[in-house]
Amino acid sequence: MLSVKNISKSLGTLAIRDVSFEVQPGQYFVLLGASGAGKSVLLETIAGLIWPDAGRIFLDGRDVTDEKIQKRKFGLVFQNSALFPHMTVYDNIAYSLRCKGLKNSQIQERVDRIAEDFAVTGFLKRRVQTLSGGESQRISLARAVASEPRCLLLDEPISSLDAKSRPQIRALLRKINRQGQTIVHVTHDYTEAVSLGTHIAVMDAGRIAQAGTVEEVFQRPKSEFIARFVGIRNFFKGQLEKPVDGPANLRQFVADGLGLSVMTDSVAGIGFVMVRSEDVTICSAAMNAHTSARNNFEGTIVDIIPAATGIEVLIDVGAGKPVEVAAMISAESVKSLELHCGKRVWISFKASAARYVEQ
Amino acid sequence: MRLSSKIRVEPLSLAFAVFGGLVLLFIVAPLISMFVRCSPGELVETAKDAEVRNSIWLTLWTSMAATVIFAVAAIPFAYLLARKDFPLKRLVTAIIDLPVVIPHSAAGIALLGVISRNGFLGKAAGKIGFSFVDSVAGIMMAMAFVSIPYLINSARDGFLAVPVRLEKAALSLGASPLQVFLTVSVPLAWRAILSGLILMWARGMSEFGAVLIIAYQPMITPVLIYERFTSFGLKYARPVAVLFISVCLIFFITLRLLAREKQNA
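Residue numbers (my numbering), protein chains in the order written: chain A, 1 to 359; chain B, 1 to 265.
Everything labelled a hint here was simulated from the structure, so no lab data went into it.
Zero decoy hints are in this set.
Residues from chain A that keep clear of chain B, each with C-beta distances beyond 10 angstroms, as calculated:
| no. | residue |
| --- | --- |
| 1 | Glu109 |
| 2 | Gly134 |
| 3 | Arg178 |
| 4 | Val317 |
| 5 | Ala351 |
Just the calculated beta-carbon pair ranges, DEER-fashion:
| no. | chain 1 | residue 1 | chain 2 | residue 2 | range |
| --- | --- | --- | --- | --- | --- |
| 6 | A | Ala119 | B | Ile95 | 48 to 58 angstroms |
| 7 | A | Ala119 | B | Leu258 | 33 to 43 angstroms |
| 8 | B | Phe19 | A | Asp189 | 50 to 60 angstroms |
| 9 | B | Leu80 | A | Lys103 | 33 to 43 angstroms |
| 10 | A | Ala34 | B | Phe252 | 49 to 59 angstroms |
C-beta: ideal position from N, C-alpha, C; glycine also.
With the sequences and hints as input, model every part of the structure.
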């Protein structure tokens, strides 16, 4: 278990203040925050590249705060792969094993096994300059895992990759995590956080603003900052069904007893659907026959909250148990529709506005 | 290489090219003149002269040895300068450049103060029956004194160009700082280090002023050229100079080519 207790560090204009959190073995913990929030400083402090001004770091109950970086057993992967350009792929993966003084036969055996696991066997003799971004990151992960870290620290490992490589590296990260590897992943991208994390901590101005499971943070943001930063107020965990008749990418997603239409090419399985509150419209009467929107639900207004960009209206559309949907509308609309708490209304949003992210 | 017909020559570039041509001529003309005025017969005779051959060999190996010996300390020092901040770092950096800016005869006098029989290093050496003055060790000290800034500055620039990220990655993979230095930093800065080594070696070979003060004998080639010039005149000094420059150029170009091959490998 990784335990970070009251870590503070000032580094020029960047600072982290009194940060504490715990990561259980096998967890995929995502540190989510905007640029300058202090995520990378925190990660490098955990790794031992930066000494904290205050606080302690424990790994499996052992205080590693004053331990040398090479003794800590953290594997570090950077945004732009930090592969050694003067070495082949094989030598990169073998680097940590050579540092440990293993015999060549043992190194060969380990590298071959990891290369097979990471599907990079065909790359072993190549020089790293010849690799694509996705391939480089794959090798970086293989190299980090080869060192058998107690905890893998990832600093925006997907951000600089092209659209084609991202899902591949995500799938690889999930696989590594499923094999029991504890991971701490720093990112500014909430879709990455949702897609990969089992637990999330949102960082703001050097502090942890909220930590918890993905559902807790996205469904119940503790502050307006978090709500705005995570960007999505309507967040549902559920099951994506297999394609049926009709357009192949128009699919059913079932969450909390609610059937949603979503546009996606993803394979069926557990995932999340996110809908921006700005994409949800409110009507005072059923519009099913007169709208192109595939998602239409009747519900009761439970709250009306003024926000910086308009009025946020919370509508409970759940059948049996509450399922809240947020709609961001103008003050004029609230007035003209005579909206108030307890009023029955219809909400609607298009299937294309429902974004599916697989877990 | 074929020049593209689409290249447009701007008047300003043309003017700068003329200036460049004049500067090149300034460097090349005396050398060409020296080579032209020296007959092949004179060169062969000079090459047969054992004193000249011994002197060229002495110059080559003492400069090489001085470069290698001082590189052991200079390269790690350059790494320190590239990676760490410490009090008075700017002063230290300025001190490194001092040998380049002070007159080399003055540098020789300064060095003599330390390594002569009355200097603290000379006294210590004297106790074990060794003297730097008029010795090969003295020549190497004088050569290194004036040429070491080239190695340190080049190696420091090389280390600065190595991404810190790579060193951090190596540390996190379990490498000790020494392993990181030897397996990541030095190999990646190698081109700049090699360039610095070549420069230091070349600068050491061409040193005259400081060596003259420390060790007139055994005679390195720049001192021999001076001695031949003052004793016998230009006609006797010139073939020695031409031969020495030719040998130096062969070594210099070969090393540069080897460095380039390594870079392209």
